[in-house]
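The chain contents come next:
Number of protein chains: 2
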Amino acid sequence: MRSVSLIGAGVTSFGVRSEGVVRLGAEICRMAIEDAGIGLERVEAFFLGNFAGHAFTGQNHLAPMVAHAAGLGPVPCTRAEGACASGGLAVHQGVLAVASGAADFVLVAGVEKMSTTTTVETAEILAAAGDYESESSIGATFPALFALIARRHMYEYGTTREDMAMVAVKNHAHGYLNPDAHLQKKVTLEEVLDARPVADPLCLLDCSPISDGAAAVVLCPSEMAPDFHSKPVRVLSSVQASDVPALSDKKNIAGFQATRRAAEEAFRRARVNPEDVDLAEVHDCFTIGEILALEDIGFYRKGEGSQGAGEGETALGGSMPVNVSGGLKAKGHPVGATGVAQITEITLQLRGDAGPRQVRGAEVGLVHNLGGSGATCAVHILASDA
Amino acid sequence: MRSVSLIGAGVTSFGVRSEGVVRLGAEICRMAIEDAGIGLERVEAFFLGNFAGHAFTGQNHLAPMVAHAAGLGPVPCTRAEGACASGGLAVHQGVLAVASGAADFVLVAGVEKMSTTTTVETAEILAAAGDYESESSIGATFPALFALIARRHMYEYGTTREDMAMVAVKNHAHGYLNPDAHLQKKVTLEEVLDARPVADPLCLLDCSPISDGAAAVVLCPSEMAPDFHSKPVRVLSSVQASDVPALSDKKNIAGFQATRRAAEEAFRRARVNPEDVDLAEVHDCFTIGEILALEDIGFYRKGEGSQGAGEGETALGGSMPVNVSGGLKAKGHPVGATGVAQITEITLQLRGDAGPRQVRGAEVGLVHNLGGSGATCAVHILASDA
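Sequence lines, in order, name chains F and S.
Residue numbering for the first sequence follows numbering that gives the first Met the number 0, beginning at 0 and increasing consecutively.
Residue numbering for the second sequence follows numbering that gives the first Met the number 0, beginning at 0 and increasing consecutively.
Careful, some of the hints might be misleading.
Chain S residues, not near chain F, derived (Cβ > 12 Å throughout) [said to hold, decoys possible]:
1) V74
2) G100
3) E132
Which bits of chain S does chain F cover? Going by a derived footprint, with three or more residues having C-beta under 8 Å, they are [unchecked claim]:
4) 51-60
5) 76-82
6) 149-158
7) 222-234
8) 309-323
FYI, nobody ran anything at the bench for these hints, they're computed from the structure.
For clarity, every value in this text was computed on a predicted model and none was experimentally measured.
Cβ atoms here follow ideal geometry from the backbone N, Cα and C, with glycine treated the same way.
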């Protein structure tokens, strides 16, 4: 299989956007193509990450809609869906298409338009990513599921509400530096702890916001990449894993088996270790999510993940910055776009183009994208290719 | 890239099923795995074709749900969606995974549970595969869109209601021989012409029914296939193409550009010509759909597609039987399952295991799966590998 590199990346600002879902997706496709310096006619395949375009906007069958609104030719257009990991899955399919030689130039986008529905409707739409029979049909929304997970982590490892709140404080401080973030606002530990309860122990500021947004990347064989971008980014590994969906079917809910498997395999294929990683974007849909991810990926031992934000190690300027984009927590979480936007952030960082939130000397970055309560996970390891 | 073969296939009976969508999908996965004679633990990746599980059943994020209900391990699970071509797209991704060497054993399923909603709700859910802005939001359901297409074909080529009705008569006669078909009932030309109008010129018997159902196939490298099945079926080509979604954006609606492109490329890659094909399953969501497909694939010259059913050439026993399963028209059309079920039918035929509807001496078969009003198309050419 061929080595694959990123030669184009683009991300919209996240938040409440006026454009419809198709236009939002088409705009970011054109932006990524322009960044890659190739013509639209060179794109041979298109993959789109989208979770619930139908429920949010009335439009299903989004891949050819977005592709043709962007001006692509009659290329294969495929939507990949894996709940909140839809973007990561789309990138994985795109990488496979280039690695296999099926295509030289592949465009991958992720998009979600969520501001169309009420908060209650949105919670119900998102809950469809959980197990209908044992969870969503009886009202277990995602804040509720992650609250159970948080409680178990607190019980097993002594994790505190303050430990979780520190993740929010850190990621909001990062988001404050990101002009594309939904919530460009610092918060204090007290503000997080005193925020309105959502599902005990999670309060409002433990939860990622409901956002519109889109992101896109252009992939090509690594050997061709320098002809198109002066700072290509190499995909060292692209790995996907799954697990039983329902919490009640998992052996332990204080961690995600799919993350452990995907990360382990991603490190093996990339031939790097956790300590070789300079920065990471991980799936902090809730503050407890980041703590779990840091442990399951292997950056921290089980039960010690809260040390990252608590001791400043995962803050910008720390030993291994995590979610310098602001993460899902502050940058926003337009579900289908998230996995692609995590990759555009690492791309920007590895190019050295991240401005005030730049991680100095960043050469290797990891992206962790989770679907549902851990039924789907995609991990990508990227490296600067200069 | 490696040559890929099918070593396992399974299809449920189509119609109103009592099982939920997850159980329906899981059952067919186990059936295909059993047919392949491999253990569940050998499956390395899972692709699922599904169009609107969320809208029909409340369950999104279906790929890991179905996979783990079937007993698969923590393998990558990806849902592919491309409207009524979702099944064909899932198979295409599965073929790519094996061809590239990313995996040796891949399971692909398609599933749709549609009997959960009223006919009006179902029409609205299906309409989301069209262009929301210019079509579905103003009430243009799929019967309406295909009625416009039929009218244009009638205007340009003199096609008659009788020509279309003959497709229904033929496919119902085929479905009568298929114990898994939704509508196992012969119909006369008069019955089709006198049926209740749906969208002029299409009447009830010009339309495929609303069905529940699932189908699955197991893929592996061709060189390993004889170790697992005595009659493996080789994938000669697997091609996908797209087109602008809205009818108003197409240059001509009396044919589908995506079908023409996908078929042309599929013949090129398979190194066969239309006259080498012994039988085909084509996307007859409406009777006019089969006529268009026969022309756009290249079996008939443009404007002459109605000759197929009209002169008996595409009937069982004719020179090139089409939709001997009954087609979407009589076998049924559980949207996400359709593209996979078309492939299981050809597999059965190429194995010589199709019973009373067996096409004698079938060696090469073509599958044509369409999404929306021609925005997505997948074409597979298969051959017996004995």
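Hint check results:
With a least beta-carbon separation of about 6 Å from chain F, V74 (chain S) fails to lie farther than 12 Å from that chain, contradicting its non-interface assignment. Distance to chain F contradicts G100 (chain S) as a non-interface residue, since its nearest Cβ pair spans about 6 Å, not more than 12 Å. Distance check for E132 (chain S) against chain F: the nearest CB is about 7 Å away, which does not clear 12 Å, and the non-interface claim fails. Requiring three or more residues with a Cβ within less than 8 Å of a Cβ of chain F, the coverage given for the stretch 51-60 of chain S holds, as 8 such residues are present.
Counting residues of the stretch 76-82 of chain S whose CB lies closer than 8 Å to any CB of chain F gives 7, which reaches the minimum of 3, so the coverage claim holds. As drawn, the stretch 149-158 of chain S meets chain F at 0 residues by the rule of a beta-carbon pair under 8 Å; below three, the given contact is violated. Counting residues of the stretch 222-234 of chain S whose beta-carbon sits less than 8 Å from any beta-carbon of chain F gives 0, not enough to reach three: the coverage restraint is violated. Counting residues of the stretch 309-323 of chain S whose beta-carbon sits less than 8 Å from any beta-carbon of chain F gives 0, not enough to reach three: the coverage restraint is violated.
Violation of the numbered hints given earlier is confined to hints 1, 2, 3, 6, 7, 8; the remaining hints are satisfied by the structure.
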